[in-house]
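Number of protein chains: 2
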Amino acid sequence: MYPRSLQALIDAFRRLPGVGAKTAERYALSVSELDPRELEEFAAAFLNVKEKLHRCRICGNLSDEEECSICKDPARSHRQIFVVQSAKDILAMEKTGEYQGTYHVLNGLISSSKGVMPEDLNIESLLKRAKDCEEVILATSATMDGETTALYLDRLLKKECPGILVTRIAHGIPAGGMLDYADEITLSHALSDRKKM
Amino acid sequence: MYPRSLQALIDAFRRLPGVGAKTAERYALSVSELDPRELEEFAAAFLNVKEKLHRCRICGNLSDEEECSICKDPARSHRQIFVVQSAKDILAMEKTGEYQGTYHVLNGLISSSKGVMPEDLNIESLLKRAKDCEEVILATSATMDGETTALYLDRLLKKECPGILVTRIAHGIPAGGMLDYADEITLSHALSDRKKM
Numbered sequence: 001m002y003p004r005s006l007q008a009l010i011d012a013f014r015r016l017p018g019v020g021a022k023t024a025e026r027y028a029l030s031v032s033e034l035d036p037r038e039l040e041e042f043a044a045a046f047l048n049v050k051e052k053l054h055r056c057r058i059c060g061n062l063s064d065e066e067e068c069s070i071c072k073d074p075a076r077s078h079r080q081i082f083v084v085q086s087a088k089d090i091l092a093m094e095k096t097g098e099y100q101g102t103y104h105v106l107n108g109l110i111s112s113s114k115g116v117m118p119e120d121l122n123i124e125s126l127l128k129r130a131k132d133c134e135e136v137i138l139a140t141s142a143t144m145d146g147e148t149t150a151l152y153l154d155r156l157l158k159k160e161c162p163g164i165l166v167t168r169i170a171h172g173i174p175a176g177g178m179l180d181y182a183d184e185i186t187l188s189h190a191l192s193d194r195k196k197m
Numbered sequence: 001m002y003p004r005s006l007q008a009l010i011d012a013f014r015r016l017p018g019v020g021a022k023t024a025e026r027y028a029l030s031v032s033e034l035d036p037r038e039l040e041e042f043a044a045a046f047l048n049v050k051e052k053l054h055r056c057r058i059c060g061n062l063s064d065e066e067e068c069s070i071c072k073d074p075a076r077s078h079r080q081i082f083v084v085q086s087a088k089d090i091l092a093m094e095k096t097g098e099y100q101g102t103y104h105v106l107n108g109l110i111s112s113s114k115g116v117m118p119e120d121l122n123i124e125s126l127l128k129r130a131k132d133c134e135e136v137i138l139a140t141s142a143t144m145d146g147e148t149t150a151l152y153l154d155r156l157l158k159k160e161c162p163g164i165l166v167t168r169i170a171h172g173i174p175a176g177g178m179l180d181y182a183d184e185i186t187l188s189h190a191l192s193d194r195k196k197m
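Protein sequence lines, in the order shown, are assigned to chains A and F. Just so you know, my numbering puts 135 at position 135 of the first sequence, and the rest follows in order with no gaps. Just so you know, my numbering puts 178 at position 178 of the second sequence, and the rest follows in order with no gaps.
There may be inaccurate statements among the hints.
[Stated by the list, open to error] Derived pair list, reagent style DSS-like, types lysine-lysine, alpha-carbon separation capped at 30 Å: (1) A:K52 with F:K88; (2) F:K158 with A:K22; (3) F:K52 with A:K22; (4) F:K196 with A:K22; (5) F:K22 with F:K88.
No lab work stands behind these hints, which were simulated from the structure alone. Nothing here was measured: the structure is a model prediction, and the numbers come from that model.
Next up, chain A with everything else stripped away, as it sits in the complex (with noise of 0.2 Å):
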């Protein structure tokens, strides 16, 4: 029913999260009203991510060079490592701005549900890097293979490199969270990470 070509683009909007025909009918159909210059545009940002878009040889986070800018960055503490599960979890721990040590990104988590192993993920390097560091902070989320993965890293740091810090972010009540919406395993994180005031 629509042209081949739109719906060569409706189809490829699908592939986005959470975008359903709809939605990919809506984008598609907006598109077609763009000009010539910026269907053009548009199509080279795709190529251009596709061409220049890396993981960084360090730490695996997404960058245009072989190396990204925070493990570029000489100003940053190169003794601490940060570990996240992918590299959109670094984009927002950098925008509180509080962070000033480097990342690590193990695209994934350990899951025996979906068989990813340990050495399905980017550990070796990880290994590799906390023989020169102070601390390890593991931030895999709090789900269920997250506090696996978690564990597994804290035991396997502590016999490869003796000696580190290894810790794990907090949990609890997030920030305007109220107590009666919280989930059970959230309330329990709370009260047993709770801090003298």
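Fit chain F to the supplied structure of chain A, relying on the hints for placement.
Leaving out everything else, chain F in the frame of chain A:
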């Protein structure tokens, strides 16, 4: 903060309707995880729309060819023209499967506030087509500009094509709609256009 190639993609996504900074970031990050072949397909979809998609020279509908599939279809009644403000209205109407005539896309509405005059719209070609027609159905939206445009076209068509039947689509309570949620204009349409049971 983002690699430049990723930022360019985020900026591109922000041109889509209803897409803000957060959503554009989410789309761009998910795209950065596609494999090279999928990224090429995405880019090609945009370039294809740029090269192939244009307006049907008869009715103004979106088409990959000089004339759209509806105008070329001998099974459809070419003595009925359904006049809409934009091509996406055709797609919506075609989904009902109820209409067997042809369409005409105005490409906008007469609007004093936006400075859109009758000569800015695809009206001249409508007049030419209407000369060989039995009925023109005006389906501009039930807004101030939509009503203005419908009134203007009604007068013009009756003057230029004597004897032609000009109709307006019905306005009233939508299917599943409840009276207490309907606005005043919809309610007054529903009252004045009531029909005998």
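Hints, verified against the model:
1. A:K52 with F:K88: Status violated; Cα separation ~36 Å.
2. F:K158 with A:K22: Distance of about 38 Å is beyond 30 Å: violated.
3. F:K52 with A:K22: With a Cα-Cα distance of about 23 Å, the restraint between K52 (chain F) and K22 (chain A) holds, given a limit of 30 Å.
4. F:K196 with A:K22: violated (36 Å)
5. F:K22 with F:K88: holds (27 Å)
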